[in-house]
Amino acid sequence: MTDQSKIRNFCIVAHIDHGKSTLADRIIESTGLLTSREMQDQVLDNMDLERERGITIKSQAVRTVYKAKDGNEYILNLIDTPGHVDFNYEVSRSLAACDGAILVVDAAQGIEAQTLANVYLALDHNLDVFPVINKIDLPSAEPQRVKDEIEDVIGIEAQDAPLISAKNGIGIDEVLEAVVNKIPAPKGDPDAPLKALIFDSIYDSYKGVIVFCRLMDGRIKKGSQVLMMATKATCEVVEVGTFGAGQFIPCDELSAGMVGYFTASIKNVRDTAVGDTVTEAKNPCKEPCPGYKKVQSMVYCGVYPADGAKYPDLRDALEKLQLNDASLNYEPETSIALGFGFRCGFLGLLHLEIVQERLEREYNLDLVTTAPGVVYHVHTTDGEMIELTNPSNLPDPSMIDYMEEPIVSAEIMVTTEFIGSIMELCQERRGRYLGMEYMEETRALLKYELPLNEIIYDFFDALKSRSKGYASFDYDLKGYEKSELIKLDILVNHEEVDALSFIVHKDTAYERGRKMCEKLKEEIPRHLFEVPIQAAVGGKIIARETVKAYRKDVLAKCYGGDITRKKKLLEKQKEGKKRMRQVGNVEIPQAAFMSVLKLDDKK
Amino acid sequence: MRKIGVYIHIPFCVKKCNYCDFNSGPYSVEIQQKYVDSLCKEMIAKSQFFSCYQVDTVFIGGGTPSIIDAQLIGKIFDTLNKYYRVSNDAEISIECNPGTCNEDKLKQYLSLGINRISFGLQSTDNDQLAVLGRIHRYEDFLKSYNDARSAGFTNINVDLMGAIPNQNLESFKEGLLKIKGLGPEHLSIYSLIIEEGTPFYNMNLNLADEDEEREMVHIIPSILGDEYHQYEISNYAKKGYECKHNIKYWKRDEYVGFGVSAASLLSFDLISNNSHDDKRKIDNKNNKLSNLFDKEQICIEPSYRFKNISSVKDYIDYDGDLVRLNDERECLEQSDIESEYIFLGLRMNEGVLISDYSKRFYKNIFDEYDNAVNKHIENGLLIRDGNQLYLSERGRDLSNYVFKDFV
Numbered sequence: 007m008t009d010q011s012k013i014r015n016f017c018i019v020a021h022i023d024h025g026k027s028t029l030a031d032r033i034i035e036s037t038g039l040l041t042s043r044e045m046q047d048q049v050l051d052n053m054d055l056e057r058e059r060g061i062t063i064k065s066q067a068v069r070t071v072y073k074a075k076d077g078n079e080y081i082l083n084l085i086d087t088p089g090h091v092d093f094n095y096e097v098s099r100s101l102a103a104c105d106g107a108i109l110v111v112d113a114a115q116g117i118e119a120q121t122l123a124n125v126y127l128a129l130d131h132n133l134d135v136f137p138v139i140n141k142i143d144l145p146s147a148e149p150q151r152v153k154d155e156i157e158d159v160i161g162i163e164a165q166d167a168p169l170i171s172a173k174n175g176i177g178i179d180e181v182l183e184a185v186v187n188k189i190p191a192p193k194g195d196p197d198a199p200l201k202a203l204i205f206d207s208i209y210d211s212y213k214g215v216i217v218f219c220r221l222m223d224g225r226i227k228k229g230s231q232v233l234m235m236a237t238k239a240t241c242e243v244v245e246v247g248t249f250g251a252g253q254f255i256p257c258d259e260l261s262a263g264m265v266g267y268f269t270a271s272i273k274n275v276r277d278t279a280v281g282d283t284v285t286e287a288k289n290p291c292k293e294p295c296p297g298y299k300k301v302q303s304m305v306y307c308g309v310y311p312a313d314g315a316k317y318p319d320l321r322d323a324l325e326k327l328q329l330n331d332a333s334l335n336y337e338p339e340t341s342i343a344l345g346f347g348f349r350c351g352f353l354g355l356l357h358l359e360i361v362q363e364r365l366e367r368e369y370n371l372d373l374v375t376t377a378p379g380v381v382y383h384v385h386t387t388d389g390e391m392i393e394l395t396n397p398s399n400l401p402d403p404s405m406i407d408y409m410e411e412p413i414v415s416a417e418i419m420v421t422t423e424f425i426g427s428i429m430e431l432c433q434e435r436r437g438r439y440l441g442m443e444y445m446e447e448t449r450a451l452l453k454y455e456l457p458l459n460e461i462i463y464d465f466f467d468a469l470k471s472r473s474k475g476y477a478s479f480d481y482d483l484k485g486y487e488k489s490e491l492i493k494l495d496i497l498v499n500h501e502e503v504d505a506l507s508f509i510v511h512k513d514t515a516y517e518r519g520r521k522m523c524e525k526l527k528e529e530i531p532r533h534l535f536e537v538p539i540q541a542a543v544g545g546k547i548i549a550r551e552t553v554k555a556y557r558k559d560v561l562a563k564c565y566g567g568d569i570t571r572k573k574k575l576l577e578k579q580k581e582g583k584k585r586m587r588q589v590g591n592v593e594i595p596q597a598a599f600m601s602v603l604k605l606d607d608k609k
Numbered sequence: 368m369r370k371i372g373v374y375i376h377i378p379f380c381v382k383k384c385n386y387c388d389f390n391s392g393p394y395s396v397e398i399q400q401k402y403v404d405s406l407c408k409e410m411i412a413k414s415q416f417f418s419c420y421q422v423d424t425v426f427i428g429g430g431t432p433s434i435i436d437a438q439l440i441g442k443i444f445d446t447l448n449k450y451y452r453v454s455n456d457a458e459i460s461i462e463c464n465p466g467t468c469n470e471d472k473l474k475q476y477l478s479l480g481i482n483r484i485s486f487g488l489q490s491t492d493n494d495q496l497a498v499l500g501r502i503h504r505y506e507d508f509l510k511s512y513n514d515a516r517s518a519g520f521t522n523i524n525v526d527l528m529g530a531i532p533n534q535n536l537e538s539f540k541e542g543l544l545k546i547k548g549l550g551p552e553h554l555s556i557y558s559l560i561i562e563e564g565t566p567f568y569n570m571n572l573n574l575a576d577e578d579e580e581r582e583m584v585h586i587i588p589s590i591l592g593d594e595y596h597q598y599e600i601s602n603y604a605k606k607g608y609e610c611k612h613n614i615k616y617w618k619r620d621e622y623v624g625f626g627v628s629a630a631s632l633l634s635f636d637l638i639s640n641n642s643h644d645d646k647r648k649i650d651n652k653n654n655k656l657s658n659l660f661d662k663e664q665i666c667i668e669p670s671y672r673f674k675n676i677s678s679v680k681d682y683i684d685y686d687g688d689l690v691r692l693n694d695e696r697e698c699l700e701q702s703d704i705e706s707e708y709i710f711l712g713l714r715m716n717e718g719v720l721i722s723d724y725s726k727r728f729y730k731n732i733f734d735e736y737d738n739a740v741n742k743h744i745e746n747g748l749l750i751r752d753g754n755q756l757y758l759s760e761r762g763r764d765l766s767n768y769v770f771k772d773f774v
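Line by line, the protein sequences are chains B and A. Quick note: the first sequence uses the numbering used here, first residue 7, plus one each step. Quick note: the second sequence uses the numbering used here, first residue 368, plus one each step.
These are calculated hints, taken from the structure and not from any lab test. It is possible that part of the hints are untrue.
[As the list claims (entries may be wrong)] Okay, the calculated bits of chain A under chain B, using three or more residues with CB under 8 Å as the criterion:
id : region
1  : 505 to 514
2  : 557 to 570
3  : 620 to 628
4  : 707 to 720
5  : 756 to 768
[Said to hold, decoys possible] Cut-off 20 Å, straight-line C-alpha distance, at most; resulting in silico cross-link-like pairs (PhoX-like, lysine-lysine):
id : chain 1 : residue 1 : chain 2 : residue 2
6  : A       : K771      : B       : K573
7  : A       : K618      : B       : K574
8  : A       : K383      : B       : K484
9  : A       : K742      : B       : K580
10 : B       : K453      : B       : K484
11 : A       : K742      : B       : K583
12 : B       : K563      : A       : K742
13 : B       : K584      : A       : K771
14 : A       : K771      : B       : K75
15 : A       : K771      : B       : K580
16 : A       : K771      : B       : K574
17 : B       : K584      : A       : K742
18 : B       : K238      : B       : K300
19 : B       : K563      : A       : K618
20 : A       : K771      : B       : K578
21 : B       : K573      : A       : K618
22 : B       : K554      : B       : K527
23 : A       : K771      : B       : K558
Remember, it's a predicted structure, so these values are computed and weren't measured experimentally. Note that beta-carbon positions come from the ideal geometry of N, C-alpha and C, so glycine has one too.
All chains, please: the whole structure from these sequences, using the hints.
Pasting the structure below:
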């Protein structure tokens, strides 16, 4: 049995691009788990998508052994957490599996919105947090300023923070010593009934679900009969083990304080929900680990195969993806414009993009997605509450008593020169100003309450473009509030296109309708006849644009040398036509169904 | 005997026009001479494939072929006549720009066997000619035109342009009437297209909008009257004077191109190399066209399109290796051939003969294109008249829209 005093369970928290994954790489490398020949960048981000985007989507863990200056060997369990607000709940569960956290702050950029959000999350979980200042070799590095900032803003001791460059391997030993000395050892009772926190799980086609867990108390080994306390699933453990870098290393037993995995021929990740507690079936622990929540989708959109015949392929792909992603929801739906597809629920827009990209890439599907929307609460006159995920299902207005929409509390960190334009943006997005704090002379933290439906679209892009990239942003779901919402319908050639309908606030309906028509006018190609595009609210037209009829599409010269080029041109036109959906007698390009996402024209 | 059209590209001109995106430009006389040398070498090297062909059309295009010395044109014809069987009644055209040919030169052309002159006039309005960057005035054209007539040419084409900057419907009509008055046997009328990479592309021009441009195109037949008929999207002729060489492009007949960027369409079996004539068989292995393809690529029903390299500098360095002269090659599949047959054929006013299609491809055009044909007939873009399938006037306006359903 491993001596708990020689175990350190920790994670790294940071704002995006401050060097979290690079530091993880260096820790793995310098503890000798991988030779530098085996190393590749972002070892823990093993999905192609994660590497490309430089983000972490799935939680990962790795176990390394470090020989400290005190002469002892320590087991370091590093749990890598996703870094995006969409995955806040996953992050919180990963944090709950740790005893301490390294806070990485960029020596040039200092504290950013996500730094704050993540560090508060870590402190909320009673983790001991110590800072390291990364990228000290940058010419623009100001370690002392950043140290002061950490002390002023977060209120944690920072003067002796290791000054490192994860990229160039400077100061990594100092970080490892700090992990040993500053992060507390776990204090579980190995003889108490099993109590383990699930912080992630993945599906493996040979072993079934592989459950990542942190043992709080007790032990787990092959043959243990275990119970998931929230989902009530029971099973017999087939294998337990620890995490190598990118591989699973089986062992005989995991005991209190350890981080590892087990398999039990579980067929679906739904049975092993993140945040759930694993215990012995016959001798359960008294209380589960605190903080379990059923994950809820925040954003919904319609996902349709571009080629209607691929519907079964899409269904299979979603089924398979869901095996690995318990936060993905889907149910079949039908659209007049798009045919058979699915209404899918996601944690947020990034999650949506990731799923969409994985479907297209890993399952080779060509998709049409409709504009994402949030979940509205529709209270009907007969006292019922409907959770509305598809605008087309909005009941008749006469049936609606009132509607509610989700509100988030948002924190935006911005340099002072852009405060004006960012406040203007929040105002346009129906934000409620809560207050502002100055971080230092040149930077401020703006606090707003914003409707979620105003930020899921292009808020982040708008924020970036209006602050020349300097603003950072984080948010938390606050709850639902009553709001004057209406459904905006789009008519193309006098026919309503259900997949283009969306819900907006009454006050922005006219503006949105007008912009939507303008956008669609750009997207919809010319036809042999004139195509009117109209926006309507409750049957009343509020905006109109017209796509003029086709007058001319002819290549005047076509001689010997032109034929190959001409044929390619025609093939391209034909390809373009394939990516169209026929609605009535109008062809609408697939991209148009996402146009609502790009209505912010102020740059 | 099989027939073939010969295209010869002369990439030289006095100065590039503001709208021109062809492979052409001003070059020194020395380069021009070297170029013609390479041209002759290429003609000789390729002659082995055409020993059982009769050349029934020749087209010397450019650039401005008329700017090079008539003796160089003579050299080209010497080689052509020596290594190819040019039929006595072949249509032999040369493109001339007004102001670059005098009566003397034109007479020399006639003596070489050239029997058709194509004048690049573009506009009768001197202001418009200046905007286009043409080197000539309308008066220069009139002189050249009359010179050609007095030299004895009885088959003359005039190129005109619509939608020129500052041109309106009235000035377009006026120009067309003037030219009709001269009575050329053939007229090619194109609308200006602003191509990327030309000076026009970055200029702020006063251009006709789409509606005005189409008005110009639609008014042409009523101005030309019964003397002329339209036989292709941009081509009009007096009866019997349709350009036989260009028709080969639209009917997918065989043609071979010499010179930079010149294209060829060949329908013989490359492996057997068509070298029935052993005396002319060349040992050089590089000079087999089949070397351009992997063995697997060779077509069952042979139809190949080739295109020469575009660099004049590389072309004049030509050392006799045909492979190096080749830039693009395409081994056309059955479906390519069928779709090209339709979309090229439909460019012509007579369109596609349903029975010809069956005869050529052993299948009915409706087997595959039933939907496309019916859709466009319904839209009023295609017309079926018994055995004939052709574009309506609106169909010609929107020909790409129709054609894309046949590729």
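Results for each hint:
no. : hint              : in the structure
1   : 505 to 514        : violated (count 0)
2   : 557 to 570        : holds (count 3)
3   : 620 to 628        : holds (count 3)
4   : 707 to 720        : holds (count 4)
5   : 756 to 768        : holds (count 6)
6   : A:K771 <-> B:K573 : 9 Å, holds
7   : A:K618 <-> B:K574 : 19 Å, holds
8   : A:K383 <-> B:K484 : 68 Å, violated
9   : A:K742 <-> B:K580 : 15 Å, holds
10  : B:K453 <-> B:K484 : 13 Å, holds
11  : A:K742 <-> B:K583 : 15 Å, holds
12  : B:K563 <-> A:K742 : 26 Å, violated
13  : B:K584 <-> A:K771 : 11 Å, holds
14  : A:K771 <-> B:K75  : 74 Å, violated
15  : A:K771 <-> B:K580 : 6 Å, holds
16  : A:K771 <-> B:K574 : 10 Å, holds
17  : B:K584 <-> A:K742 : 16 Å, holds
18  : B:K238 <-> B:K300 : 13 Å, holds
19  : B:K563 <-> A:K618 : 15 Å, holds
20  : A:K771 <-> B:K578 : 9 Å, holds
21  : B:K573 <-> A:K618 : 15 Å, holds
22  : B:K554 <-> B:K527 : 9 Å, holds
23  : A:K771 <-> B:K558 : 14 Å, holds
The structure fails hints 1, 8, 12 and 14 (numbered hints given earlier, in ascending order).
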